[in-house]
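Visitor: Okay, here's what each chain looks like letter by letter:
2 protein chains.
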Amino acid sequence: MSLEKLLENEKQITALGQVAGLISWDQEAMMPPKGAGQRAEQAGALAQVIHDRRTDPRIGDWLAEIDGKQMSEFDRCNVHEIRRAYDRATKVPARLASEIAMASSQGQQSWVAARKTKKLADFLPALKRNIELKREEAACISVSNDPQSLYDALLDEFEPGARTSELSALLESMRPRLKALREKIAEKPAPAALKGHFSADQQLVLARKLATILGYDFEAGRIDKVVHPFCSGSGNDVRITTRTDEADPFNCLYSTIHEVGHALYAQGTTDPFMPAAEYSSMGVHESQSRFWENQIARSGEFAKWLFPEMVEAFGAMNIDSPDALYAAVNRVETGYIRTEADEVHYNLHILLRFELERDLICGALEAEDLEEAWNANFERDFGLKVEDPNLGVMQDVHWSAGLFGYFPTYSLGNIYAACLDRAMRKDLPNRDELVANAETALILNWLRDKIHVKGRLYPAPKLIEQAIGEAPSTEPLLDYLETKFGGLYDL
Amino acid sequence: MSLEKLLENEKQITALGQVAGLISWDQEAMMPPKGAGQRAEQAGALAQVIHDRRTDPRIGDWLAEIDGKQMSEFDRCNVHEIRRAYDRATKVPARLASEIAMASSQGQQSWVAARKTKKLADFLPALKRNIELKREEAACISVSNDPQSLYDALLDEFEPGARTSELSALLESMRPRLKALREKIAEKPAPAALKGHFSADQQLVLARKLATILGYDFEAGRIDKVVHPFCSGSGNDVRITTRTDEADPFNCLYSTIHEVGHALYAQGTTDPFMPAAEYSSMGVHESQSRFWENQIARSGEFAKWLFPEMVEAFGAMNIDSPDALYAAVNRVETGYIRTEADEVHYNLHILLRFELERDLICGALEAEDLEEAWNANFERDFGLKVEDPNLGVMQDVHWSAGLFGYFPTYSLGNIYAACLDRAMRKDLPNRDELVANAETALILNWLRDKIHVKGRLYPAPKLIEQAIGEAPSTEPLLDYLETKFGGLYDL
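For the record, the sequence lines run as chains A and B.
Each residue of the first sequence is one higher than the one before, starting from 1 at the first, in our numbering.
Each residue of the second sequence is one higher than the one before, starting from 1 at the first, in our numbering.
Take these hints with a grain of salt, some might be off.
[Said to hold, decoys possible] Coverage of chain B stretches by chain A, computed from C-beta distances (three or more under 8 Å per stretch; other residues unrestricted):
#1 19-30
#2 121-130
#3 217-225
#4 231-238
The hints are simulated quantities; they were obtained by calculation from the structure and are not laboratory data.
All figures in this text were calculated on a predicted structure; none of them were measured in a lab.
All C-beta atoms, glycine included, are put in the ideal place defined by N, C-alpha and C.
Please build the complete structure, drawing on both the sequences and the hints.
Guide: See below:
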């Protein structure tokens, strides 16, 4: 009875969380501009309700009553996740949770304002406040006095069970080979870029076709245009947003494919209300989006299918063959901006952010020294001086919103995607042929079986290990990058 | 302090209610089809939260603490409305509220199924259950043992303070003149109807233009296409839905104008979170939609503006002048269906339903005898035999959803709209000229001043009386109909 009550209660909290997600989607995709003030009140009232439900002392009672009882693996995982969420929510005082929410909102406003003056100094007080509050939150949750355990506590929200020390070793081990690769490529001539004018409507038609081809279920989702693309929802209502740039159709097409990757995972859940059936971690979520975006859609095989589709949508282009398209969607350019980075540079961007935010949270770096550290590390890794903080330390929204511990999940996603790709190729020897014909049903089925239906039953590294038959490592990603770009750039 | 807590709590409940409205809008306008099951869970969880908040015993404590205290007229009204909602919510046992919600949902399913077999017998058990539960609810709320007080209790939800006996006298007094008018018109030849094919896209373009012209603020709202048009939200986020029929553009245009009338009222609130600033009653809400739809947009003056707009949107039409357009949008036809009825027949439809549902709730009519009573009364008032219950007793969704006490608000809306129109003409002598040029800002301002900004400060009859300088009556409506249709049909 206590288990039933606990799960029924969890189902309701999850349903309310889905409502919160929906009104957030609406805010980006549908809400009229003047509605913002009222929406803030609505979102605040709902967040309060969810927090109250999440810290309801009856949850503690039910958990105590079922402690040690026999139950299925699925329910054991549900109970574990409910306890984890209850512990996190009850360990953080309501006063602190509310201060964090307010500081995050104010931090974003301050960040927007500082980006106008292009001075970190204008954002520094808000940033320091965010760091201070997140450190305080981490101290409430953390179980040890080791400084790294503070960052562990924040990581845990996005990547359950991840440890700072292990993650540092894993990610930092990639730097030498990534730097060597980008330096070799920098000496080579760049392939032609796509140029021209590409109708926004045609981009959306092709984006929807791509989503359908890759297995996205439009009966359980929809695609709309917004400023910043994202994917939200789960189960039978998973919505994608995209954007269009008439000078660059790849922006729309590849951001759609990326979000479709997330959406296929979310549509593949076995139960949208139970935590055991939720996504395993943010890193695993990102592995799904990256896999479809990079391993599938930025492959030479996929270019064979995409090229005639683009000609049909947009007419003749300066890119005049599948091979030229393959080269164009994989152009490597050393740039300042993470969100515009190619596959070679992307993880170097993440490494930079990961090390800095880890040190900020663990107390090894002061916010006052952040900009200097960013600029020095950036020049070391990318060979470029940062002159404008909007192209440097102030480019991402994350820290302004109090999101610390999130950045490394992007690289984990890339690492896992390459691991999955290598294993899948063994199970599906004709994978390249399937991709060249955009017949990806077997590929999706493989991911459904190995990842999607497993939900949160296993920690991410264990889930990937079961899927690929060995412990996940950075080798498949580094090999993939060296082989792919070695071929493209004739290294 | 207690007043502040009470109002802050009310604001949060209202904000949650707005979220419930938003996810309901989403369900009709945006939700992918497979999302229905999950949405039911989300809506159920949110309804439970709102019910719990609405019956929170702290509300009773706060109300007791401020009883008799001095406060502004606005806050006195807030407190009155909070008490009214608290009393209604706490008088109805949670068990009964949940049974009503379930029976209403099952009733609608049963109604849909029975409409397929065209047999009331298939819907009768669900209908009886709805009546029984609503009678039980009414008995919980009702303060007297008079059978009519049961219907009073249900009326009160939509039309605060309305009394069955007064409403019966008011509405029934219209029957003789309405019947006489429709019989005289029936002897006359009908004017030409609009025929042709009208692009759905052009209809929407014109509908949006109409909405803008009438003062609808698109920065605080949006228009989308759905199956059944409605208006939802308040304050700075008021959304309209409409539909298109390529054989009949009036459907889209006039349903849009109707919903714009509701939307202007909702956008005109002085505070979207306080009950004292809410709409006065459903009858007053309907008066706003009817006023814009009928008194403004079905007038000869408005046809002068609309005719060239339609020619621009659709090209030449078989209706070839503003006068012909005026006649076409006011064609009188005796039909079975309320939602398709012209202004002459509409209130006869409502009278029929009002008397029957009143008698069902008061115990003067058994559900088993409903169809026979409907058919007899319909033939008496409309001169037509009902052969198909889908064109008779089963045409409306209301009773299947447990909505008893709602129908009369439609006629109150028509009565109030005509009252407002007569008074406004005295204040704005050039009203006809303004309408002919679609310059309706002064008309909207008049309604804003007299109705919108008054919120719920006064009961509907008092609000109308203050606006028009005399007690509301049926005379303005009946005079308006006889004059308008006397002219159109040369009576």
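Visitor: Does each hint fit the structure? Answer for all of them.
Guide: Against the structure, the hints:
As drawn, the region 19-30 of chain B meets chain A at 5 residues by the rule of a beta-carbon pair under 8 Å; at three or more, the given contact holds. Residues of the region 121-130 of chain B lying with their CB closer than 8 Å to a CB of chain A number 0, which falls below the three-residue condition for coverage. Under the rule that three or more residues need a Cβ within less than 8 Å of chain A, the assignment of the region 217-225 of chain B holds, with 6 such residues. Only residues whose beta carbon comes within less than 8 Å of a beta carbon in chain A count, and the region 231-238 of chain B has 3; three or more means the coverage holds.
Comparing the model with each numbered hint stated earlier shows that hint 2 is the single one that does not hold.
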